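Undergrad: Each chain, written out:
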Amino acid sequence: MAKNQKNKQNSNSAVEVQNVTKNYIIRHQKSPSLKDRLLKGRDTFEEFLAVDDVSFAVEHSETFGIIGSNGSGKSTLLKLIAKVLRPTSGEVIVNGTVSALLELGAGFHQDLTGRENIYLNASILGMKKKEINKKFNDIVEFSELARFIDMPVKSYSSGMYMRLGFSIAVNVNPDILLVDEVLAVGDQAFQSKCYKVIYDFVRRGKTIIIVSHDLETISDLCKRVIFLKNGKIELMGDSIQVVSKYRAHVEELERVRIAEQQKAERKKIFKSIIDSKRKVVDAEEIEKLSRIDGGVFENRFGSGDAEITKIELLDPSGGILDFCKFGDDVQVAFDVKFNNIVENPIFGIRITDHRNNIIYGTNNRLHNVKTGVYKPGDVLKVIFRQKINLIGGTYYVSPSVGNKDTKTYATGSLI
Amino acid sequence: MIKQFRDLISYRELLFSLTKKELKVKYRGSFLGFFWSLLNPVLIMLVYSFVFSIVLRQGIKEFEVFLLCALLPFNFFSNSVNYGAGSIISNANLVKKIYFPKEIIPLSIVLSNLINFLLELLILFVVLSIFRYKFYTYIYLLPVIIIVQVFFVSGISLLVSSLNVLFRDLQHLVSILMMVWFFGTPIIYPLSMVPERFQFIMQINPMAVFATFYRNIFYYVKYPEGFQWPSLWIILICLGITFGVFFLGYFVFKKIEPRFAEEV
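The listed protein sequences correspond, in order, to chains A and B.
371 is the number of the first residue of the first sequence in our numbering; add one for each residue after it.
142 is the number of the first residue of the second sequence in our numbering; add one for each residue after it.
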């Protein structure tokens, strides 16, 4: 816990980061030793700009989010605010006591019991002995480790270890709480308890700076968010906007990555075909090739009598959506091209989660909508209006065309 | 520097709980606990007594007591520095993750060794009483000497522990240095035995001055022929070096401290 380091008369911010740059020196020699210093002079080294001229201010009672991909400087920035690291240039001004949840159970001693570690860890985090005495029962109760509290922590499972660490850290009761991706602790019940504590902090008007990859939590908790990219602030502002920009950025990266991967994969298959000088390409390879074809559409199969050419997620007025929130009304629209005569086809959608569990499915037959007869060459746009009653996460929407004997003509999926 | 001291004082509770941790961890799981730390000086005492009073026949009366009253303070010094040297590196998890004045780490090791030393002194008192030493005659000087020695030990510990982060070889060098220092301090021999031309080593070595004081208080009260206070001049030099080392150590430590999180 950092005591008031500097108090600017005119500053009302809880945390002020002014033109902060952090330059890491990466030595090529891992352990510096006297011999090397004497024989070689200086080590060779590289510089790595982890945080590059970043400025922002966090107001009192504000919940502030930091997002960005791995290596973008989020954690370094948080460590700079916690004063674990010092900036190469620039200044960090903190008004208030800080507790940093950078790593749970940092400083636990394996041979000491849970009880002893509570006292040790809490005092490392800046609590006085009297306060710890008062909070001790709360900490034990929150951690759900009452039975094990007099056992050395080396006998704890990693989950127990983290739970104890979290319980201590949130009971320090700081003015400013720094959270680095440590909310995913324990089972569902404990996790929801952790979130409750964080929401409690928000309600009590504490300042929270949170680093997370969990974008739902970030956009839910924070009013303002910064999006870091290569150590620079790419975007700062309203959380919904910044998060959606970040999502688009990640998706773009993912698309590029998948495209690269597919290209490499295809090259490999073709190379093996060419190398083996075969005239006949076997079915497995064709299937593989077809599977890695086409970015968004995956897992297509069917007889080919009908073909789904496009699928979109739209808002009620017809604008394309990248994501939607709980309770939103959306439209799932897809284009169907017929290659054969099909009578009264059934159009359906199915929503599955990332583990392929079917969450929801519907089709026009369930709603008694007749669809008519289609000839080869006909193109049809099918729209399902749907209210989204899903908890946060990634879901796949699969449209399908079939008839009553459940023959599938075509299907595909949209992330 | 005053601000840094104030910061340190506001973290005194952490200093105490880390000291407690050091002591607890050291003896956790061992049956004899604290008595292990007594075993070391007792063993050294037995070995040296055999060599000096039986093999070499030095003629120092009650050599065991003669040795112990200088050996215990020296052990306090050498243990603190030996453990302290690698303390920043071995506490990397704390140094990297949590903000607090890092000098607390080596200082907690000095403090835990001090507590050990005080307990050893209590046992020495029992031995002295049995052999009818009037060690209580000058006992009022003892706290002063101990406090001055704590400053000296802290200074060296701070210096070595911080420099060791940048030069890892230091840790190994320190244990050799401590052995040299042991023989350069009147522990197994009386100060009077040192030839005139080497007396200056005894004068600029604060540990030698401390050893002389401890020995006067505990041992020479029974054998006054060796009893001699160091001159005021020597005491002043000793104080100067002690506090010089302390402030140098603190200064160097604070200079290197910002780099700890990246270097460990």
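The hints are simulated quantities; they were obtained by calculation from the structure and are not laboratory data.
Values in this document were obtained by computation on a predicted structure and should not be read as measured data.
Each hint should be verified, as a subset may be incorrect.
Unchecked claim - Pair by pair, the computed Cβ-Cβ distance ranges are:
id, chain 1, residue 1, chain 2, residue 2, range
1, B, K144, A, D557, 27 to 33 Å
2, B, S316, A, Q631, 50 to 56 Å
3, A, E501, B, E205, 44 to 50 Å
4, A, F696, B, I150, 30 to 36 Å
5, A, R397, B, K396, 44 to 50 Å
As the list claims (entries may be wrong) - Part of the chain A face toward chain B, derived, beta carbon under 7 Å:
id, residue
6, A452
7, E473
8, H479
9, R485
10, K500
11, E501
12, K505
13, L736
14, V739
15, V743
The C-beta atom is built at its ideal place from N, Cα and C for all residues, glycine as well.
Undergrad: A separate judgement is required for each hint: does it hold in the structure or not?
TA: A quick look at each hint next to the structure:
no., hint, verdict
1, B/K144 to A/D557: 27 to 33 Å, "46 Å, violated"
2, B/S316 to A/Q631: 50 to 56 Å, "55 Å, holds"
3, A/E501 to B/E205: 44 to 50 Å, "49 Å, holds"
4, A/F696 to B/I150: 30 to 36 Å, "52 Å, violated"
5, A/R397 to B/K396: 44 to 50 Å, "19 Å, violated"
6, A452, "6 Å, holds"
7, E473, "5 Å, holds"
8, H479, "6 Å, holds"
9, R485, "12 Å, violated"
10, K500, "9 Å, violated"
11, E501, "10 Å, violated"
12, K505, "14 Å, violated"
13, L736, "56 Å, violated"
14, V739, "60 Å, violated"
15, V743, "69 Å, violated"
When the structure is compared with the earlier hints, violations turn up for hints 1, 4, 5, 9, 10, 11, 12, 13, 14 and 15 and for no others.
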